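Colleague: Fit chain V to the known structure of chain G by using the hints.
Chains as they are written, first to last, in our numbering: chain G, 1 to 594; chain V, 1001 to 1594.
Careful: at least some of the hints might be erroneous.
[To be verified] PhoX-like, lysine-lysine: derived pairs with alpha carbons at most 25 Å apart: (1) K1102(V) x K458(G); (2) K504(G) x K1569(V); (3) K1569(V) x K106(G).
[To be verified] Covered by chain G, according to a simulated footprint, are these stretches of chain V (three or more residues, beta-carbon under 8 Å): (4) 1363–1371; (5) 1573–1586.
[What the hints assert, rightly or not] Pair by pair, the computed Cβ-Cβ distance ranges are: (6) K2(G) x D1338(V): 52 to 60 Å; (7) K60(G) x E1514(V): 29 to 37 Å; (8) K1385(V) x K60(G): 58 to 66 Å; (9) V99(G) x Y1484(V): 29 to 37 Å; (10) L1498(V) x F346(G): 56 to 64 Å; (11) Y585(G) x V1510(V): 28 to 36 Å; (12) I1034(V) x G160(G): 32 to 40 Å; (13) G1507(V) x V266(G): 40 to 48 Å; (14) G1092(V) x S425(G): 34 to 42 Å; (15) D30(G) x D1159(V): 37 to 45 Å.
Since the hints were derived computationally from the structure, they do not count as laboratory data.
Given the structure is predicted, the values throughout are model-derived calculations rather than measurements.
For every residue, glycine included, the Cβ atom is placed at its ideal position computed from N, Cα and C.
2 protein chains.
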Amino acid sequence: MKRTTYCGFVNEELLNEEIVLKGWIDNRRDLGGIIFLDLRDREGIVQIMADADISDQAWKVADSLRSEYVVEVRGKVIKRDAETVNPELSTGELEVEAVEIKIINKSKALPFVLNDSTTVSQEIRGHYRYLDLRQNKMQKNILLRHRVTQAIRQYLDQDGFIDIETPYLTKSTPEGARDYVVPSRVHEGSFYALPQSPQLFKQLLMSAGFDRYYQIVRCFRDEDLRGDRQPEFTQLDIETTFMDDEEIQEIIEELIAYVMKESMGVEIELPIQRMAYDDAINIYGTDKPDLRFDMPLVDLTEDMAETDFKVFSGTVERGGIVKAINAKGAADAYTRKDIDEGLLDFVKIYGAKGLAWIKVDESGLTGPIAKFFKDKPEEKAIVEKMEAEAGDLILFVADEAEVVHDALGHLRNRFGKELGLIDNSVFKFVWVVDWPLLEYDEDEKRYVAAHHPFTMPKEEDVDKLVSAPEEVYADAYDIVLNGYEIGGGSLRIYQRELQENMFKALGFSVEEYEEQFGFLLEAMDYGFPPHGGIAFGLDRLVMILAGEENIREVIAFPKNSSAMDPMTKAPSPVSDRQLEELSLYVDIDEEEQD
Amino acid sequence: MKRTTYCGFVNEELLNEEIVLKGWIDNRRDLGGIIFLDLRDREGIVQIMADADISDQAWKVADSLRSEYVVEVRGKVIKRDAETVNPELSTGELEVEAVEIKIINKSKALPFVLNDSTTVSQEIRGHYRYLDLRQNKMQKNILLRHRVTQAIRQYLDQDGFIDIETPYLTKSTPEGARDYVVPSRVHEGSFYALPQSPQLFKQLLMSAGFDRYYQIVRCFRDEDLRGDRQPEFTQLDIETTFMDDEEIQEIIEELIAYVMKESMGVEIELPIQRMAYDDAINIYGTDKPDLRFDMPLVDLTEDMAETDFKVFSGTVERGGIVKAINAKGAADAYTRKDIDEGLLDFVKIYGAKGLAWIKVDESGLTGPIAKFFKDKPEEKAIVEKMEAEAGDLILFVADEAEVVHDALGHLRNRFGKELGLIDNSVFKFVWVVDWPLLEYDEDEKRYVAAHHPFTMPKEEDVDKLVSAPEEVYADAYDIVLNGYEIGGGSLRIYQRELQENMFKALGFSVEEYEEQFGFLLEAMDYGFPPHGGIAFGLDRLVMILAGEENIREVIAFPKNSSAMDPMTKAPSPVSDRQLEELSLYVDIDEEEQD
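Bound-form chain G, shown alone (with noise of 0.2 Å):
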């Protein structure tokens, strides 16, 4: 028989109808000489009735069957009684009168009870990833994933955007992370790497004439794995020629917008706000703040250069900064013992060294440091720039601006989440533009791209490239949404002197770029266009859209922390033909392997 609508689909208009449902048996109550059966498809669930008294045969069934059984109902939609009706179901009000069902196929009692998450650990879910899919939370993100997935199609081919694939098995580049290679049998010795993003594909795709080009795209980076990171990751690619960096980003909040709203039914308001990264840096302690709460980090550097507390003026003195937060009307949530211990330990993870503290109440600053400012210009400038008030908490940290930016900015993020000042219901974007071009990386001892060696440097900048590279900022921009970075882009160069004098800033000879990069600079010998664009990662934005905290809960089957499918149990040993066909030896260091 045939199927003829899903179980969620049973309304009033199929009313005393025969339908045919096929579906898993998600509960079962057995009454005696009624059996309930809840039976559960994609689209949600509808109770069976099995009477002995309408249908011997189908009670008789009924009466076999358990959690997860694979079943065929042939039946007649009823309405319930009113007493029986359940408003948690959307077919709440009906049900279906059993003529005939037939087991499809049997399971097992489940490894775990569906529903009930926090009863299961992840290498169990990971195990039998099959089941903890058919989860509610599971249907749900992966379906609002596909939602997604489409909203963002829909968007960009009516604006004209050519969704263009771009190799897998391409080129091994040493800038960035770590590649995943692929040994090639055809030519002995060579690999292949899984390309990290499609960058230089897409600009040459501009070269090509392509103007708007688009793609949802698998990426690898062979890392250690972090909270929400995963071997393989999606990337919504978007590059776009004769544009400026405004024009693209109009683009991408129009994007953005429409997203939200096919989606997640949410309004967005345009335009997206805008932020220098030296802003947010200064004022939120982090290129991604979260502005779904304020706390700002305020500076008291100058108030602070001559004061009798010594910690503050010594670090002012030696170059550093004093900045400080007022967490509102959090003085009595938190003990001395739990700020000079808790808190203290927390900051240090940033590489701060202490955590000077003052608790504001009605006779005004209290704490062991409150003594230094008493009377002092130093009290008046806290309790007006940090806006203090009877019941506030102020937290300060004096050192290098980095480690005040890393350990305050932190701690604000912390603040949000215990102080409960985050609407959880509230999407909050924000652009980050005007970033650094370039990092100095102490380890390494040389200049690395804040994004990628293919960023714009700004106009005005471009003469500094060489002479004082770390004064030179780019045509680059991040969005960051509720905290998250969740994409980034920049305009690119386009112009071959000026892009060697880019890898030259970064420390690459004219063989190394040569040998790596040649392709493109040669392409830029032949009318490359000006152009920009922007990555997105697919997960990291699902994630929050679907309120989670791991993108393993928006992957259909994701790896776990140590970078292994816990269902195939990929990797695994390969057969020593494949090795000898790639001309490959595997040497274990038998000591690692204890």
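Modeller: Just chain V now, kept in the frame of chain G:
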């Protein structure tokens, strides 16, 4: 200045307006005081007129321009004189009177002339792919590909299919083609495999209850390359639950009709013809018949069993068959030498030892073997069954059935092209259904799956899986377009015992199949639903629609025939440090290096 429109979009509505265009110099004609420029962007070409009397600036810059320079043009849209209208351009009745021209980027002389592809080697095209892609044909092909994928997504989305991504770093499975593998750094000596298809993941998604899945996904096979094969190729992958083979075929037919309409403007008549595999082989000598022309293989085995022509009767005696095709009206087109050398050499490729022939003229059958049949029942059989008429050329192969079908099937296709029997504007789809489940592999001395090991045997044949595997047919179906297999699908096995029997029939030991497919078998213990689907070769489909003969022509950045990217030169050696991190040594046989 911002671009106001595309070159190809300049039309009457813009008459007398000032516009800004950006694009490439496609052509330049200097008529002294006036220079005409063809400015090109993705949407087309428009003529720019730089007249020194109107703008000295524009004329001076125009004078310095060369092909493929990237420029910005500000100017007024005017009508061309009637005698200078260019009917080949959509913008041909208009031109842009330049007010200002700015050079954005220069270009060296290109290594080849655009849109004159007959003169360019594949090597040069590949090396400068970004220039090759500027050619009209490649622009059209990539845009067609985009339209095809968009149409696919539109149809499947509105039909309730969910786009779900499956992993690229997955488990190596020895059944099938050779895998590309990816060494794991974390798990020394272990490897991921790049997927040959997401087959098992999509089956597990059906177990998870998503009901309807699709994905446009890259697949990888490390095989020796032939005409239209690439190391990485793109598959449209579809799977559904609770449907029989005909229901699935109906969905796919509607999809095909939609895609043909949206991307090509072609109406396809539904339902698509269905042909049993055995009939395809018997009548057309191939499992992918080109039905744009007739010329069936005619069975003369019984008629030739007793003939004096011992080549035929001897073959029949040894259990072989005799078949023939009639190349209508081709008697004069092929000389005795053409047949005995050219065509004979051709069928020898497919294992035929000889190629007998008869020409028909007003007097009847002629040619070296005609005398054996003269005034005998064989003559009557030939004339009647072959529908022989004066001017026909009839070709016979007598051999084992497989050789006869292969040789005559290919000869039929050759005649289709050589005799101009094919209308290239026709798109002729056919379902080839009722496939054998297994094929006997002479090299491996065992049965292998005709499709893959997860294909459902026909219900009535299940019992023969162990006792008489060669007699088992499958619920499998291929979709064939113009003689190319563009897609293949089946119902899948969803019961553990049957799947285990299938593995056994393929010669797996219990340990082997548990090791490789244990996770699938385990999943079948937990309410695995009946399901089936199909996978299309997207590259090949677009290739046929584009009228191309190699999938390279519809892939933006393809590999060459030695699996190399001629632009980036991937694959390439990686650093010793990278190898060390992967616990790998490269061991190249020096002798092979010469």
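Colleague: Does the structure break any of the earlier hints, and which numbers would those be?
Modeller: 3, 4, 9, 13 and 14
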